[in-house]
Amino acid sequence: MAASILWRPIFLPVRHPSAPMTAFLLLSLPRYARVLFPLLLSLGAAPCRAEPPILGIKEALRLPAYLSMTLSPDGKHIAAIARKGEASKLVLIDTATMAPRFLESKGSPMTNPSDVDWVDDTRLAVDADNGVELIGLSGKYLTFPGSRFIGKITPDAAGNTRILANRYRTPAYIARITLKTGESEVVNFHMPGKPVWWVLDDNGDARVVSTISTAIWSDDTSITHWYRAAQDKPWEKLATFGYSEEQWWPQSLSRDQKSLVVRSRQDRDTFAYFRYSLETRTITDMLAGHPTQDIQVPDAEEDGSFRVVATAGMKPSLEWFDPAWAAMQQSVDAALPDRLNFIEGKLTGKLLIHSISDTDPGQWLLLDGPSATMRKVASAKPEIDVAAMRPVQIVRYAARDGLSIPAYLTLPAKTGAIKPAVILIHGGPAARDGWTYNPEVQLLATRGYTVLQPQFRGSSGFGKAFMQAGYGQWGLAMQDDISDGVRWLVEQGHADPRRICI
1 MAASILWRPI FLPVRHPSAP MTAFLLLSLP RYARVLFPLL LSLGAAPCRA
51 EPPILGIKEA LRLPAYLSMT LSPDGKHIAA IARKGEASKL VLIDTATMAP
101 RFLESKGSPM TNPSDVDWVD DTRLAVDADN GVELIGLSGK YLTFPGSRFI
151 GKITPDAAGN TRILANRYRT PAYIARITLK TGESEVVNFH MPGKPVWWVL
201 DDNGDARVVS TISTAIWSDD TSITHWYRAA QDKPWEKLAT FGYSEEQWWP
251 QSLSRDQKSL VVRSRQDRDT FAYFRYSLET RTITDMLAGH PTQDIQVPDA
301 EEDGSFRVVA TAGMKPSLEW FDPAWAAMQQ SVDAALPDRL NFIEGKLTGK
351 LLIHSISDTD PGQWLLLDGP SATMRKVASA KPEIDVAAMR PVQIVRYAAR
401 DGLSIPAYLT LPAKTGAIKP AVILIHGGPA ARDGWTYNPE VQLLATRGYT
451 VLQPQFRGSS GFGKAFMQAG YGQWGLAMQD DISDGVRWLV EQGHADPRRI
501 CI
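In terms of the working numbering, the sequence shown is residues 1 to 502.
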C-alpha cells in the first residue's frame with residue numbers, strides 16, 4: 001500500500017557496539033565509584049563463588065531515564081522525553097556527536113512533556129500538561145495549536161505546512177492549522193450521536209466517523225459508522241452494530257478513496273485487517289491476518305496505509321510488506337537476537353532502533369543504513385544489570401477440561417532445592433501480560449522465587465473463543481485455570497507445593 005522504496009534488499013551483517021559500554025557505565029558512575037570500578041572489574045575474575053545478583057528495590061522502582069525517542073526526517077537529530085528529577089523534560093540529541101541537551105521552550109512554560117513528534121526537520125510538536133506546543137531546535141516557541149497533536153497533512157495551495165490538533169481535549173473539535181500564518185480552521189463533524197472515532201483524509205477533512213448512541217459505553221450502546229464523499233456532502237450510514245455484536249472499525253481511507261481499511265474479527269477468531277468497499281458497502285479481501293493471533297498496526301503512514309503489522313502472540317513479531325524493510329528487520333534482529341526491535345527512519349540514511357526484551361527495559365540504537373554500523377544512544381534504565389535478570393519462558397499447560405492455557409514462566413538462577421513460587425495474576429479479566437521486562441517478576445526471580453504468569457481463559461489477545469470461554473467464569477473455570485497452573489508447576493519440579501503464593 002505504501003510507495004515503493006528504491007533500495008536493494010540485501011541482508012546486512014550489522015555490527016553491535018559492545019565495546020563502548022564500559023566507557024558509558026564508567027562515566028555514569030559517581031566520582032568515588034569511578035576509582036572503585038577498575039578494582040571491581042579485576043575482582044570479577046577472582047575464583048570465588050558469589051550469590052546470583054538480585055534486582056534492588058530502588059532500582060526496580062526508579063522511573064526510566066528516557067521514556068521515548070523519535071528520529072528527525074533528515075536523521076540529524078533525535079527528540080526524546082527524559083526524566084529530570086520528578087518531572088519529564090524534552091531532550092535533543094545530535095546524531096553526529098551523540099551530545100544530548102535539554103530543550104526548554106522559550107516564550108511559554110512547557111510543563112511535563114509526554115510525547116513529541118517531528119513536523120519537519122526543524123520543528124517539533126510537543127504534547128505537555130498545558131497542551132501541545134510547536135518549538136524550533138533552539139527551543140523558540142512558535143505557536144500553541146491546541147491540546148493534543150494529531151498529525152501532519154498535505155500542504156495548502158501555496159505549499160505551506162499544515163497540521164491537525166485537538167482543541168479542548170474533545171474528539172469532535174479538531175483544528176486544521178497553517179503554520180506559516182497561524183490560521184486555523186475547525187474540521188466540521190456536524191452529525192448525530194457522540195463521535196468516538198474518525199478517519200480523516202490527506203486534507204484533514206473528516207470522511208468517516210463512528211458514533212455511539214449513549215453518553216457512556218453500556219450494554220444498550222449501539223455503534224454507527226458514517227461516511228461522506230466530500231466535506232460538503234451529506235453523511236451516509238455505513239453500518240450499525242450493538243455493543244455486544246462483532247463489529248468492524250474503520251482505520252484509514254484508501255488513496256483512490258474507493259475503499260476503507262477496517263479491523264474486524266467478524267466470521268473469524270482473531271482480529272485482522274480487511275478492505276471495505278465503499279461502493280458495495282461490504283468487506284472484500286483480507287489484507288493482514290493470523291489464524292491464532294490478533295494483528296495490530298504499530299504506526300500507520302501519514303496517508304493512513306501501513307507497511308508493517310505486529311502479531312499479538314505470547315512473543316510478538318513484526319511483519320513487513322516491503323521486501324527492503326523486511327530485509328532490514330531481519331538484519332537488525334540478527335544483530336540484536338531474542339529481542340523486539342522497532343525501527344524508524346530511512347533505509348538510505350539513518351535509522352533509530354528501539355530494542356526491548358524480557359530482561360531489558362529498553363535501549364535505543366542509531367543505525368547507519370549504508371555502512372551497517374550501529375551506535376548506542378541510551379538505555380531506558382541504565383542502572384539495571386540486564387545480564388543478571390532472569391529470562392522469561394513461554395509455556396503451555398492443560399486445564400482440567402483440556403483447554404490449553406498459555407503462561408510466562410521465570411525461573412530463579414539458583415539450582416538445587418525446589419524453590420518457592422509466586423503466581424502473578426494480571427488484571428482485567430479482559431487483559432493480559434506481555435513478553436516484556438517486568439520489574440515485579442525480576443524482583444522475585446532474582447531473589448530465588450519461581451514466577452508463573454498464567455493467561456487464563458478470558459484473557460485478551462488469544463482470539464474470540466478463548467476470551468468468551470471466560471464469560472461467566474469468574475471464580476469458576478477461570479480460577480481453575482490458575483489452580484491447574486500451580487499443579488503443573490509442581491509436577492514439573494519448579495515449585496515447592498508447601499510454599500506457593502497466589
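What the hints contain is simulated information worked out from the structure, not anything from laboratory work. It is possible that part of the hints are untrue.
What the hints assert, rightly or not - With a straight-line cut-off of 30 Å between C-alpha atoms, the simulated DSSO-like cross-links for lysine-lysine are:
hint, residue 1, residue 2
1, Lys-194, Lys-140
2, Lys-58, Lys-419
3, Lys-419, Lys-84
4, Lys-258, Lys-233
Stated by the list, open to error - Distance windows between CB atoms, simulated:
hint, residue 1, residue 2, range
5, Ser-218, Phe-321, 47 to 53 Å
6, Leu-476, Lys-237, 39 to 45 Å
7, Ala-372, Lys-76, 40 to 46 Å
8, Ala-387, Leu-137, 34 to 40 Å
9, Glu-440, Pro-337, 22 to 28 Å
10, Glu-383, Glu-51, 44 to 50 Å
Each residue gets a CB set at the ideal place from its N, CA and C atoms; glycine is no exception.
Now the hints, each set against the structure:
1. Lys-194 - Lys-140: violated, 38 Å
2. Lys-58 - Lys-419: The hint holds at about 25 Å.
3. Lys-419 - Lys-84: Roughly 40 Å separates the two Cα atoms, so the pair is violated.
4. Lys-258 - Lys-233: Distance ~16 Å between Lys-258 and Lys-233 Cα, so the pair holds.
5. Ser-218 - Phe-321: 47 to 53 Å: violated, 39 Å
6. Leu-476 - Lys-237: 39 to 45 Å: holds, 41 Å
7. Ala-372 - Lys-76: 40 to 46 Å: For Ala-372 and Lys-76 the Cβ distance comes to about 20 Å; the hint is violated.
8. Ala-387 - Leu-137: 34 to 40 Å: Holds: the Cβ-Cβ distance is about 37 Å, inside 34 to 40 Å.
9. Glu-440 - Pro-337: 22 to 28 Å: holds, 25 Å
10. Glu-383 - Glu-51: 44 to 50 Å: Between Glu-383 and Glu-51, where Cβ atoms are some 19 Å apart, the hint is violated.
Hint violations for this structure: numbers 1, 3, 5, 7, 10, all remaining hints satisfied.
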